[in-house]
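I would like the entire structure built from these sequences, with the hints used as guidance.
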Amino acid sequence: MKDKKKSQSNGNTRTIKCDYLARVEGEGSFHVKIKDGTVTDAKLVIFEPPRFFEAFLRGRRYTEAPDITSRICGICPIAYQMSSIHGFESAFNVTVHPQIRQLRRLFYCGEYIESHALHIFMLHAPDFLGYEDALQMAKDYGDVVKMALDLKKLGNDIVRLMGGREIHPLSACVGGFYKVPTKKELLPLVERLKWAVEASVKTIRLVATFPFPDLERDYEFVAIREPDAYGLIQGRLVSNKGLDIAISEYEDHFQEIHVKHSTSLHSTIIERGPYFVGPLARFNLNFEQLTPLAKKEAKGVKFVPPNRNPFKGIIARAVELLYYCEEALRVIDQYQPPPAPRVEVTPVATRACGCSEAPRGILYHRYTVDNDGIIRSAKIVPPTSQNQPTIEQDLFEFVQNHVDLPKDKLTWQCEQVIRNYDPCISCSCHFLKLHIDRS
Amino acid sequence: MRQVIVGIGNAFRGDDGIGRHVARRLLDFVPPDVVVLEENGEAANLMAAWDHADRAILIDAMTTGAAPGTVMRFNATDLPLPREMFPHFSTHTYSVSESIELARTLERLPSRVVVYGIEGKDFETGAGLSPEVERAATNVIDLILREIRR
Numbered sequence: 003m004k005d006k007k008k009s010q011s012n013g014n015t016r017t018i019k020c021d022y023l024a025r026v027e028g029e030g031s032f033h034v035k036i037k038d039g040t041v042t043d044a045k046l047v048i049f050e051p052p053r054f055f056e057a058f059l060r061g062r063r064y065t066e067a068p069d070i071t072s073r074i075c076g077i078c079p080i081a082y083q084m085s086s087i088h089g090f091e092s093a094f095n096v097t098v099h100p101q102i103r104q105l106r107r108l109f110y111c112g113e114y115i116e117s118h119a120l121h122i123f124m125l126h127a128p129d130f131l132g133y134e135d136a137l138q139m140a141k142d143y144g145d146v147v148k149m150a151l152d153l154k155k156l157g158n159d160i161v162r163l164m165g166g167r168e169i170h171p172l173s174a175c176v177g178g179f180y181k182v183p184t185k186k187e188l189l190p191l192v193e194r195l196k197w198a199v200e201a202s203v204k205t206i207r208l209v210a211t212f213p214f215p216d217l218e219r220d221y222e223f224v225a226i227r228e229p230d231a232y233g234l235i236q237g238r239l240v241s242n243k244g245l246d247i248a249i250s251e252y253e254d255h256f257q258e259i260h261v262k263h264s265t266s267l268h269s270t271i272i273e274r275g276p277y278f279v280g281p282l283a284r285f286n287l288n289f290e291q292l293t294p295l296a297k298k299e300a301k302g303v304k305f306v307p308p309n310r311n312p313f314k315g316i317i318a319r320a321v322e323l324l325y326y327c328e329e330a331l332r333v334i335d336q337y338q339p340p341p342a343p344r345v346e347v348t349p350v351a352t353r354a355c356g357c358s359e360a361p362r363g364i365l366y367h368r369y370t371v372d373n374d375g376i377i378r379s380a381k382i383v384p385p386t387s388q389n390q391p392t393i394e395q396d397l398f399e400f401v402q403n404h405v406d407l408p409k410d411k412l413t414w415q416c417e418q419v420i421r422n423y424d425p426c427i428s429c430s431c432h433f434l435k436l437h438i439d440r441s
Numbered sequence: 005m006r007q008v009i010v011g012i013g014n015a016f017r018g019d020d021g022i023g024r025h026v027a028r029r030l031l032d033f034v035p036p037d038v039v040v041l042e043e044n045g046e047a048a049n050l051m052a053a054w055d056h057a058d059r060a061i062l063i064d065a066m067t068t069g070a071a072p073g074t075v076m077r078f079n080a081t082d083l084p085l086p087r088e089m090f091p092h093f094s095t096h097t098y099s100v101s102e103s104i105e106l107a108r109t110l111e112r113l114p115s116r117v118v119v120y121g122i123e124g125k126d127f128e129t130g131a132g133l134s135p136e137v138e139r140a141a142t143n144v145i146d147l148i149l150r151e152i153r154r
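First to last, the protein sequences are chains E and Z. Counting along the first sequence from 1, when you hit position 175 you're at 177 in the working numbering, and nothing is skipped either side. Counting along the second sequence from 1, when you hit position 51 you're at 55 in the working numbering, and nothing is skipped either side.
Keep in mind that the hints are not guaranteed to be accurate.
Stated by the list, open to error - With a straight-line Cα cutoff of 20 Å, these simulated SDA-like cross-link-like pairs (lysine to any residue) come out:
hint, chain 1, residue 1, chain 2, residue 2
1, E, K141, Z, G69
2, E, K141, Z, R112
3, E, K298, E, W197
4, E, K148, Z, R108
5, E, K35, E, D406
6, Z, K125, Z, G69
7, E, K141, Z, K125
8, E, K204, Z, L110
9, E, K141, Z, R108
10, E, K148, Z, S115
11, E, K204, E, E193
12, E, K297, E, N309
Treat the hints as calculated values from the structure; they're not laboratory data.
Quick look at the structure:
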């Protein structure tokens with residue numbers, strides 16, 4: 003993971019470039035203009051080659067959408083599968099067996115454990131501890147990195163067990179699963195998950211000690227809320243500023259706009275502006291639905307809602323890591339295989355809207371299908387697209403408040419501001435560079 | 005001596021699939037006590053693959069500028085693998101050289117590690133090996149079979 007940084011100085015003009023932003027998924031670019039000590043412009047400049055998923059889904063059968071869309075991401079394929087599957091099941095009035103719902107949560111647990119472990123330790127912690135990357139950090143924090151790798155492997159193994167492989171697993175389908183595990187197949191995970199619960203507790207207590215820069219903004223946090231569980235799949239979309247809508251109403255409240263400096267669309271709430279999705283949003287909105295242990299550990303490190311410092315997203319991520327390890331244990335403990343792995347599905351001509359919480363935030367899918375179940379149009383809004391305007395505003399404010407920092411430190415902290423969001427830029431196929439112009 | 009052979013790569017990126025291809029063919033020839041695996045190169049999985057092994061032999065595509073199909077043997081036991089020859093293609097995982105160094109730092113590296121690199125020609129999306137690269141597989145198989153008997 004290369005990280006080239008350059009800087010130039012020309013009178014009261016400063017240009018800082020970072021050609022390759024390290025420790026994010028994918029690549030991206032950022033420009034800041036500072037005139038006489040005041041930030042005049044801050045842009046997250048994204049060059050997004052179109053990936054054509056929304057186009058080539060047209061003409062495909064609805065059954066293919068989970069597998070095709072999962073190829074958008076190697077880290078969060080299950081999120082794509084769940085958003086598309088639940089969209090179609092809601093639209094076709096399909097009711098799955100309760101154990102299928104539980105298995106889907108377990109499947110998602112695997113993805114959360116590996117994604118969060120990767121980000122917390124390998125991508126984000128080095129920022130707080132002052133290391134260039136996890137390789138350097140491992141020299142002084144060997145035990146912590148070992149723990150991270152073992153957590154990631156556990157997450158990968160849950161996904162592999164249920165889906166045949168870690169990347170783009172193959173078992174989830176509209177109506178259920180192609181194949182469900184036996185209880186016996188799941189039991190070997192129990193001891194490892196119990197270890198992971200202990201490891202997650204250590205993680206929360208460790209990351210809470212990190213030095214957190216000051217940044218607090220009046221965000222609109224958006225997340226899924228489910229009646230009986232920490233919001234993950236379908237449910238309703240809620241915010242801390244009064245939003246409470248059905249998934250099918252998403253496009254009445256959220257819009258994507260094209261901004262000149264970026265080929266990537268910016269998602270905003272109509273008549274309100276940018277919003278914030280991901281672990282901190284979920285933590286703030288759904289705290290009461292975490293497990294007793296997760297709430298106790300969060301309170302133990304004095305991390306309770308509302309929390310508006312995006313740097314502390316790493317603590318929210320660690321709390322979710324603990325929650326999802328416990329959730330996996332709960333699902334396995336109560337699991338009995340359903341009478342059939344899936345139910346019959348009959349498509350109807352309709353508009354299907356699905357939403358689930360990818361590790362990075364809400365992932366919205368909308369399809370129109372005809373009576374044969376052929377997709378006529380598709381819209382996919384990944385969480386990182388939704389956070390882009392917010393990331394930009396964070397950078398604007400952060401730079402303004404730290405405008406006198408030495409350029410290397412300012413560049414690094416700007417990268418950290420972006421990494422707060424664990425951006426899966428490859429989902430939107432972005433290229434990230436950092437340019438700071440002072441004039 | 006416990007030995008593990010790991011073919012590393014992505015079968016859907018052209019010649020990056022050569023490591024897995026060699027591993028698959030080796031299955032027909034190795035003694036039963038030698039473990040042969042295929043991996044995508046992810047650090048955690050590699051460390052699990054060679055856990056408890058005394059010697060790990062890895063096979064992976066490399067880019068050095070040599071003629072496609074050129075085979076090189078690297079002793080990674082004491083020295084890092086040249087990073088520029090086994091570059092980082094994914095934004096999601098470490099490269100093989102980084103994974104080995106991470107394992108070394110964490111003391112999770114077998115006491116002997118050898119890497120066979122095969123120069124790739126084409127790493128574009130799609131399955132299938134270039135003819136020169138596929139031909140190199142036989143040579144690598146012979147070298148590895150001799151190595152595991154030493």
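task: Verify the proposed pairing of E/K35 with E/D406, using a straight-line Cα cut of 20 Å.
output: Measuring from Cα to Cα gives roughly 14 Å; hence the hint holds.
- request: Sort out whether E/E193 lies within 20 Å of E/K204, counting only the CA atoms.
  value: holds (17 Å)
- prompt: For the pair supplied as a hint, E/K141 and Z/R112, is the alpha-carbon distance within the 20 Å limit?
  reply: holds (13 Å)
query: Straight-line Cα separation of Z/K125 and Z/G69 no greater than 20 Å?
result: holds (9 Å)
Given pair status - Z/L110, E/K204, alpha carbons within 20 Å: Holds, at about 19 Å.
message: So if I understand the rule, the pair passes when the alpha-carbon distance is 20 Å or less; does E/K297 with E/N309 pass?
response: holds (14 Å)
message: Check the hint pairing E/K298 with E/W197 against an upper bound of 20 Å on the C-alpha distance.
response: holds (18 Å)
task: Could you grab the alpha-carbon distance between E/K148 and Z/R108 and see if it respects the 20 Å cut-off?
output: holds (12 Å)
task: With a cut-off of 20 Å on the C-alpha distance, tell me whether E/K141 and Z/K125 pass.
output: violated (35 Å)
message: So if I understand the rule, the pair passes when the alpha-carbon distance is 20 Å or less; does E/K148 with Z/S115 pass?
response: Given pair E/K148, Z/S115 holds - Cα atoms ~18 Å apart, limit 20 Å.
query: Straight-line Cα separation of E/K141 and Z/G69 no greater than 20 Å?
result: violated (32 Å)
message: Against the 20 Å threshold, does the CA-CA distance of E/K141 and Z/R108 hold or violate the hint?
response: holds (10 Å)
Checked against the numbered hints listed earlier, the structure breaks hints 1 and 7; every other hint is satisfied.
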